[in-house]
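Chains as they are written, first to last, in our numbering: chain A, 1 to 262; chain B, 1 to 399.
Simulated from the structure, these hints should not be mistaken for laboratory data. Idealized CB from N, CA, C, for every residue including glycine. Hints are not guaranteed to be accurate.
Stated by the list, open to error - Listed next, the in silico DSSO-like pairs over lysine-lysine satisfying Cα-Cα at most 30 Å (straight line):
no. : chain 1 : residue 1 : chain 2 : residue 2
1   : A       : Lys255    : B       : Lys333
2   : B       : Lys393    : B       : Lys288
3   : B       : Lys140    : A       : Lys146
4   : A       : Lys88     : A       : Lys202
5   : B       : Lys183    : A       : Lys207
6   : B       : Lys268    : A       : Lys151
7   : B       : Lys183    : B       : Lys255
8   : A       : Lys33     : B       : Lys45
9   : B       : Lys159    : B       : Lys183
10  : A       : Lys151    : B       : Lys264
11  : B       : Lys255    : A       : Lys171
12  : B       : Lys264    : A       : Lys51
13  : A       : Lys88     : B       : Lys45
14  : A       : Lys88     : A       : Lys71
15  : A       : Lys215    : B       : Lys42
16  : A       : Lys202    : B       : Lys34
17  : B       : Lys335    : A       : Lys257
18  : A       : Lys180    : A       : Lys202
19  : B       : Lys50     : A       : Lys88
20  : A       : Lys202    : B       : Lys183
21  : B       : Lys68     : A       : Lys215
22  : B       : Lys50     : A       : Lys215
23  : A       : Lys180    : B       : Lys297
24  : B       : Lys245    : B       : Lys159
25  : B       : Lys393    : A       : Lys260
26  : A       : Lys88     : B       : Lys10
27  : B       : Lys119    : B       : Lys264
28  : A       : Lys255    : B       : Lys335
29  : B       : Lys291    : A       : Lys257
Unchecked claim - Reference listing, derived: stretches of chain B covered by chain A, where coverage requires no fewer than 3 residues with Cβ under 8 Å from a Cβ of chain A:
no. : segment
30  : 30–43
31  : 219–233
32  : 361–375
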Amino acid sequence: MDILVCIKQVPETSKVEVDPVTGVLKRDGVDSKMNPYDLYALETALRIREKVGGTVKVISMGPPQASEVIKEAYMMGADEGVLLSDRKFAGADVLATSYTISQGVRQMGNIDLILCGKQTTDGDTAQVGPEMAEYLGMPHIANVIKIEAIKASSMVVEMDMPNTIELAEIKFPCLLTVEKDIYQPRLPSYKKKLETKDREVKVLSFKDFEDQNEKRYGLNGSPTQVERIFPPAVNTDKEIWNGSGAELAERLTAKLKELKFA
Amino acid sequence: MGRLVVNQDKVNAANIDELVKICPFGAIENNGGKIEVNAACKMCKLCVKKGPTGVMEFVEEEVEEIDKSAWNGVAVYVDHVDGDIHPVTFELIGKARELADKVKHPVYAVFVGHNIADKAKEMLHYGVDEVFVYDHEELKDFRIEPYTAALEAFINKVKPSTLLVGATTIGRSLAPRIAARFKTGLTADCTVLDMKDNTDLVQIRPAFGGNIMAQIINPNNRPQLATVRYKVMNAPARMAVAAGKITVCEMAADKLISAINVLKVTEKEVEASISDAEVIVAVGRGIKSEKDLAMVKELADLIGAQLAVTRPLIEAGWADAKRQIGLSGRTVKPKLIITCGISGAVQFTAGMNNSDCIVAINQDSRASIFNVAHYGIVGDLYEVLPRLISNIKEGKAIA
Numbered sequence: 001m002d003i004l005v006c007i008k009q010v011p012e013t014s015k016v017e018v019d020p021v022t023g024v025l026k027r028d029g030v031d032s033k034m035n036p037y038d039l040y041a042l043e044t045a046l047r048i049r050e051k052v053g054g055t056v057k058v059i060s061m062g063p064p065q066a067s068e069v070i071k072e073a074y075m076m077g078a079d080e081g082v083l084l085s086d087r088k089f090a091g092a093d094v095l096a097t098s099y100t101i102s103q104g105v106r107q108m109g110n111i112d113l114i115l116c117g118k119q120t121t122d123g124d125t126a127q128v129g130p131e132m133a134e135y136l137g138m139p140h141i142a143n144v145i146k147i148e149a150i151k152a153s154s155m156v157v158e159m160d161m162p163n164t165i166e167l168a169e170i171k172f173p174c175l176l177t178v179e180k181d182i183y184q185p186r187l188p189s190y191k192k193k194l195e196t197k198d199r200e201v202k203v204l205s206f207k208d209f210e211d212q213n214e215k216r217y218g219l220n221g222s223p224t225q226v227e228r229i230f231p232p233a234v235n236t237d238k239e240i241w242n243g244s245g246a247e248l249a250e251r252l253t254a255k256l257k258e259l260k261f262a
Numbered sequence: 001m002g003r004l005v006v007n008q009d010k011v012n013a014a015n016i017d018e019l020v021k022i023c024p025f026g027a028i029e030n031n032g033g034k035i036e037v038n039a040a041c042k043m044c045k046l047c048v049k050k051g052p053t054g055v056m057e058f059v060e061e062e063v064e065e066i067d068k069s070a071w072n073g074v075a076v077y078v079d080h081v082d083g084d085i086h087p088v089t090f091e092l093i094g095k096a097r098e099l100a101d102k103v104k105h106p107v108y109a110v111f112v113g114h115n116i117a118d119k120a121k122e123m124l125h126y127g128v129d130e131v132f133v134y135d136h137e138e139l140k141d142f143r144i145e146p147y148t149a150a151l152e153a154f155i156n157k158v159k160p161s162t163l164l165v166g167a168t169t170i171g172r173s174l175a176p177r178i179a180a181r182f183k184t185g186l187t188a189d190c191t192v193l194d195m196k197d198n199t200d201l202v203q204i205r206p207a208f209g210g211n212i213m214a215q216i217i218n219p220n221n222r223p224q225l226a227t228v229r230y231k232v233m234n235a236p237a238r239m240a241v242a243a244g245k246i247t248v249c250e251m252a253a254d255k256l257i258s259a260i261n262v263l264k265v266t267e268k269e270v271e272a273s274i275s276d277a278e279v280i281v282a283v284g285r286g287i288k289s290e291k292d293l294a295m296v297k298e299l300a301d302l303i304g305a306q307l308a309v310t311r312p313l314i315e316a317g318w319a320d321a322k323r324q325i326g327l328s329g330r331t332v333k334p335k336l337i338i339t340c341g342i343s344g345a346v347q348f349t350a351g352m353n354n355s356d357c358i359v360a361i362n363q364d365s366r367a368s369i370f371n372v373a374h375y376g377i378v379g380d381l382y383e384v385l386p387r388l389i390s391n392i393k394e395g396k397a398i399a
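From just these sequences and the hints, can you work out the full model?
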């Protein structure tokens, strides 16, 4: 089976802030890492490969340095990786991002199953997976918590609904977004690092795609527009208490009693 | 629509470093004295506004404008499982009415399922002008292709200007699918919604993975799609008298086909959800070890609160993901929330800042949690909590 996992490079911490005076974005030397939720998708792919054989490919979109997360995926056991990188993709919202990745996927040969993490820790939208599935014309199931069975032309999965768990069978090719904890992700292996240090990260750009209409990529392909950015509202109606631990505990006890919570 | 243009002739040794530094996303590179913009660019245009004059330029491109008057109405997707309507639906109907009144649009609800005709009537008690019902046996379980097809049929028939969807398990799966089908914009987890005179929906949400809010619009595409989480908007009171009408719509048989087959539905054990809790004690990275959670749990039990946590604690495996508050967890709106050792990143506060009373305990007086707190307690949770717990215990003994 040919499995493709979508991964993204995200900032290590959420230290981006808006300077309230100048309105300028500030970023304090932020390091990057693989989106933690993608590790579960990658682990799921590797487990399926161990069981039924096949290949695990990874795809990412981002600046050239995002190839680091593909290298990391190699260290966990991915066979092949593609990075979609082009200035023409800059400023892409969910729609343009999903379209760009779906164009990239079309260049990767046969794919039976696409796996995504539940969301990224920087965008936090959880939308790119389902939008890609639409562009690729395949069914999808989100919130998958368990892979029950892999059959010849379908698989059986458990989907987490608010009050129920649904067991569903879905035909290939399809896309799943998996929940955290579906499997415990393995750590990158030093042995694999040595083995894969010369393995290529293939970079695809706009010119490699079928759809050569520039208006569908990047900012031009993005229907949403950020009108303005601003720091979160500050609650001015508040009390700030200082003092020793004992004093603070005293005041808080009194306040909780006053509010009838204690 | 547009693109960034670099006027290389205005780039010089004096301003090139300034320009590289101004980009918060590291998208501007100095390539041997020439400026190069890489794929990390988010088109925030800061380099245009704050950079050296005239170097970076944003060139608008002509686009054909759509006829917005052809799109009329604010629609709400009725979120349900087996006819059991999710309360976020009523919250969205309340918001939809408010938005629609500003531009004199009707409010619609779109209800997709099986044997739901009776349930559809309930919508008419909340201020919906018309409910569009798609009732077929194949729509009994939520399966993505027929549900998307039903929404597609609804949008083509009614042409609503805006479609609001609850950010539930179903909504988060369905809304992106519809957005991609109509090649339109979708904004996830909006915390504020407003309507412009020209029917553009103003959507505000945390963005860029930082402590930043972004105001987002969808200026040249319809319908405009937004998801909103449960407990972010307020549900209107149920009216005794029903008003509005129900329209039952048909779908072609070939639109009801799915590659998904739901084999079994198992009820989960009902457990108290933090979303419905009236009192919450939340803990974050200020807690030093997993065993110290017992102290926080003790406080929670004493005041009848649910225990909740931030994302780092979930990543450390110290608590069940169902207890997480924030953009990747749940939204809560309790009467009281006490946060302990939580710095207050916007991804967290977006999930709790509508709480009635927020008490924050943090030793860093500059922590952003104090921006949303009603009572900010600058202190070490390891000093405050044990004493608070013994105070409450003693108080209980006396009473």
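Results for each hint:
no.: 1; hint: A:Lys255 - B:Lys333; in the structure: holds, 20 Å
no.: 2; hint: B:Lys393 - B:Lys288; in the structure: holds, 24 Å
no.: 3; hint: B:Lys140 - A:Lys146; in the structure: holds, 23 Å
no.: 4; hint: A:Lys88 - A:Lys202; in the structure: holds, 18 Å
no.: 5; hint: B:Lys183 - A:Lys207; in the structure: holds, 22 Å
no.: 6; hint: B:Lys268 - A:Lys151; in the structure: holds, 27 Å
no.: 7; hint: B:Lys183 - B:Lys255; in the structure: holds, 19 Å
no.: 8; hint: A:Lys33 - B:Lys45; in the structure: holds, 25 Å
no.: 9; hint: B:Lys159 - B:Lys183; in the structure: holds, 14 Å
no.: 10; hint: A:Lys151 - B:Lys264; in the structure: holds, 18 Å
no.: 11; hint: B:Lys255 - A:Lys171; in the structure: holds, 17 Å
no.: 12; hint: B:Lys264 - A:Lys51; in the structure: holds, 24 Å
no.: 13; hint: A:Lys88 - B:Lys45; in the structure: holds, 15 Å
no.: 14; hint: A:Lys88 - A:Lys71; in the structure: holds, 24 Å
no.: 15; hint: A:Lys215 - B:Lys42; in the structure: holds, 16 Å
no.: 16; hint: A:Lys202 - B:Lys34; in the structure: holds, 26 Å
no.: 17; hint: B:Lys335 - A:Lys257; in the structure: holds, 14 Å
no.: 18; hint: A:Lys180 - A:Lys202; in the structure: holds, 28 Å
no.: 19; hint: B:Lys50 - A:Lys88; in the structure: holds, 23 Å
no.: 20; hint: A:Lys202 - B:Lys183; in the structure: holds, 29 Å
no.: 21; hint: B:Lys68 - A:Lys215; in the structure: holds, 21 Å
no.: 22; hint: B:Lys50 - A:Lys215; in the structure: holds, 27 Å
no.: 23; hint: A:Lys180 - B:Lys297; in the structure: holds, 24 Å
no.: 24; hint: B:Lys245 - B:Lys159; in the structure: holds, 18 Å
no.: 25; hint: B:Lys393 - A:Lys260; in the structure: holds, 15 Å
no.: 26; hint: A:Lys88 - B:Lys10; in the structure: holds, 23 Å
no.: 27; hint: B:Lys119 - B:Lys264; in the structure: holds, 24 Å
no.: 28; hint: A:Lys255 - B:Lys335; in the structure: holds, 14 Å
no.: 29; hint: B:Lys291 - A:Lys257; in the structure: holds, 28 Å
no.: 30; hint: 30–43; in the structure: holds (count 7)
no.: 31; hint: 219–233; in the structure: holds (count 3)
no.: 32; hint: 361–375; in the structure: holds (count 9)
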